[in-house]
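Enquirer: Chains U and A, in that order, are what the protein sequence lines are. Take the first sequence: its position 147, counting from 1, is numbered 127 in this note's numbering, and each next residue is one higher. Take the second sequence: its position 8, counting from 1, is numbered -12 in this note's numbering, and each next residue is one higher.
Think of the hints as simulated: they come from the structure by calculation, not from any bench. Be aware that one or more of the hints could be misleading.
Since the list gives no way to pick one copy over another, a pair counts as held whenever it fits inside one copy or between any two copies.
Each computed SDA-like pair below joins lysine to any residue, with the alpha-carbon atoms no more than 20 Å apart [stated by the list, open to error]:
(1) K344 / L12
(2) K344 / L269
(3) K169 / F122
(4) K308 / W331
(5) K39 / L12
(6) K257 / M218
(7) K308 / G333
(8) K344 / I260
(9) K135 / G104
(10) K257 / A230
(11) K11 / P51
Protein chains: 2
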Amino acid sequence: MTVSPSTLDELRLKIDALDSQLVELLAQRAKLTAQVGQYKSQVGLPIYVPEREAQLITKRRQQALERGVSPVLVEDLLRRIMRESYHTQNVTYLCTNPELKKIVVVGGAGALGRIFVDMFKRSGYPVCVMEQRDWTNATEIFKDAGLVMVAVPIKITESIIAKLDHLPADCVLVDITSTKQKPLNAMLKAHIGPVLGLHPMFGPDVSSLVKQVVVVCHGRDEDKYQWLLQQIRIWGAMVQVVDAQEHDDAMVFIQVMRHFCSFVFGAHLAGENPNLKQLISLSSPIYRLELAMVGRLFAQDPALYADIIFDNQGSVSLLSKFNQQFLKALALVEGNNKGEFIKQFLKIGSWFGDYSKQSLIDSKKLLLKADDDRTWSE
Amino acid sequence: MTVSPSTLDELRLKIDALDSQLVELLAQRAKLTAQVGQYKSQVGLPIYVPEREAQLITKRRQQALERGVSPVLVEDLLRRIMRESYHTQNVTYLCTNPELKKIVVVGGAGALGRIFVDMFKRSGYPVCVMEQRDWTNATEIFKDAGLVMVAVPIKITESIIAKLDHLPADCVLVDITSTKQKPLNAMLKAHIGPVLGLHPMFGPDVSSLVKQVVVVCHGRDEDKYQWLLQQIRIWGAMVQVVDAQEHDDAMVFIQVMRHFCSFVFGAHLAGENPNLKQLISLSSPIYRLELAMVGRLFAQDPALYADIIFDNQGSVSLLSKFNQQFLKALALVEGNNKGEFIKQFLKIGSWFGDYSKQSLIDSKKLLLKADDDRTWSE
Chain U
-19 MTVSPSTLDE
-9 LRLKIDALDS
1 QLVELLAQRA
11 KLTAQVGQYK
21 SQVGLPIYVP
31 EREAQLITKR
41 RQQALERGVS
51 PVLVEDLLRR
61 IMRESYHTQN
71 VTYLCTNPEL
81 KKIVVVGGAG
91 ALGRIFVDMF
101 KRSGYPVCVM
111 EQRDWTNATE
121 IFKDAGLVMV
131 AVPIKITESI
141 IAKLDHLPAD
151 CVLVDITSTK
161 QKPLNAMLKA
171 HIGPVLGLHP
181 MFGPDVSSLV
191 KQVVVVCHGR
201 DEDKYQWLLQ
211 QIRIWGAMVQ
221 VVDAQEHDDA
231 MVFIQVMRHF
241 CSFVFGAHLA
251 GENPNLKQLI
261 SLSSPIYRLE
271 LAMVGRLFAQ
281 DPALYADIIF
291 DNQGSVSLLS
301 KFNQQFLKAL
311 ALVEGNNKGE
321 FIKQFLKIGS
331 WFGDYSKQSL
341 IDSKKLLLKA
351 DDDRTWSE
Chain A
-19 MTVSPSTLDE
-9 LRLKIDALDS
1 QLVELLAQRA
11 KLTAQVGQYK
21 SQVGLPIYVP
31 EREAQLITKR
41 RQQALERGVS
51 PVLVEDLLRR
61 IMRESYHTQN
71 VTYLCTNPEL
81 KKIVVVGGAG
91 ALGRIFVDMF
101 KRSGYPVCVM
111 EQRDWTNATE
121 IFKDAGLVMV
131 AVPIKITESI
141 IAKLDHLPAD
151 CVLVDITSTK
161 QKPLNAMLKA
171 HIGPVLGLHP
181 MFGPDVSSLV
191 KQVVVVCHGR
201 DEDKYQWLLQ
211 QIRIWGAMVQ
221 VVDAQEHDDA
231 MVFIQVMRHF
241 CSFVFGAHLA
251 GENPNLKQLI
261 SLSSPIYRLE
271 LAMVGRLFAQ
281 DPALYADIIF
291 DNQGSVSLLS
301 KFNQQFLKAL
311 ALVEGNNKGE
321 FIKQFLKIGS
331 WFGDYSKQSL
341 IDSKKLLLKA
351 DDDRTWSE
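So that you can see chain U by itself, here it is in the shape it has in the complex:
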């Protein structure tokens, strides 16, 4: 078949007509999922039901194969559409503890505290936000509290907790700090009732809790706060239970190391002062992403990262060990010892095991998505 320029315009018109149908279809679908969301919030079903999601995708992948359409394309589109409906379909959630008289969120006007205040309210709890100026009325505020959540910056968490020594005996005391041992010990000391530590593994910019992780470190009287864990699950999040010590050890690897290295990388770039624009224009998708991972740090609150790096007792020791590894590797480059570099590379690869291959696959998928958004003007 030969296509002439006039039929090119015709083809484009037909494509536009299909794209218009797509938008109509999305509008209809959003109406239906809003009704599903309404039903779920009435009966307290989680918005995210893995089996339904898997089933829905399997059916459409099958149909795609039959129609000669890429099943990967269909799955990617459906996942994106479902993300939208998870984030918009629920304005309210079932309340798992309707008897509860009051929730007090200390520091509830802060970035992360605000999210919990919002979620509690949307689940029908009476919520009271307590800020610094409210401490003069503390006795009144805490009098009939069934849950007190501490959502203040790390450095003042323990001193704030120490002041919470007159809560009702059956009140659940919980914190959401990014370290867990110290706050948990402080809570167990201050309060005689139920205690647990939470670490929400997401930033204040999430648009819903669907598929997010909330780390749980048990403190005291687990059975007294099961309703809270169930509430978090109804919001769509995944609850991961771990020992407080193990949590803190893991965080040195996860948070401290990465933030510190990104900081040093940024300091190094700023010190050497290369042409940043040129670096970006010469970068492949993977380097652009890696550079962005460093750059993004410096658009955020320095005090928060200072707290995370400086306030973990394991930081200095682990960073020193990292530096030793750096110097050992540098000696290989100085000595032009490629053989030993390759030997160690393979050894590290076997430590990572299947994870490295999976990472390669996952990151490729993600890089393709990053490419979607590129335009020539960059």
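Given chain U, put chain A in place with the hints provided.
Expert: This is chain A only, laid out in the frame that chain U set:
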């Protein structure tokens, strides 16, 4: 409105029907874009036309707003659909130099060489792949070559180029090594005709060249290889011209630094031996991505990364400077000097300028996409 369980099933059936329509719509759209692709390959139009893409998206975003659908959702879906059509619509490309008698790709069986062999063939060029065993027939092979591309590992690039000293005078000699100064000098010395250096900024796993970057370092007789640059543009890639020295300096920052740091990070993890599975399960999306960026390195060819790190003359000096920055920052943590850390953090942030904010926005978008693919089973 109250929704009962039976209507929940009904709602789900209606959603399934819409999703089925979506697949049909994609099948129809693919047929149309295949015809567009066919037309473009006949007349030599690039598959990726930024203006058409921008226009198409603008119209649908507008419609989305009118219909109460998220314009961001619509744009994401359309970009994903267009990626698919870019990657599948073109099986052949217009040939910008049909007079050319032969292209020889030295090392054309290698990962990256294979991509160029494929693209040249799909553009109608007679292509000859030359491997080690073929050197005995070199005179015969190179006799009527109009383009010779060197696509061999870095460490043998210069010695291979030195052997190419009897090419036809009008033959274009080009390499695709990830360093540019040395290969370019070697080519200018070996060959009296047109010479240029390319650095394709993508891995061997790309499914098309659309929106990829190809760095160009001019060597000699630019006008004699304009057809090649035009050919690369027709494949959908973006050509970035840069001086060879500037290119190599930039690559120390872009490639050497990142790979080396990822290597050290991996060595450090393997040495400390934390529970990797637990680290991942406790990670937020951003940490998961950062960990994946380290892990993916070790699923790849160690010799390639050894060459990239060891064969760049600037590596040791720049890595040593990085280490000094690391020690300076570590001293701040040891001395508990948060004030100075915050001061430096802000200074680095202003060096990054708008880029850091943009990175934060871009990476947030990407992290949301990463979340789409998560399931509870992880």
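Enquirer: Hint compliance check: list the failing hint numbers for this structure, sorted ascending.
Expert: The structure breaks hints 1, 7, 9; every other hint is satisfied.
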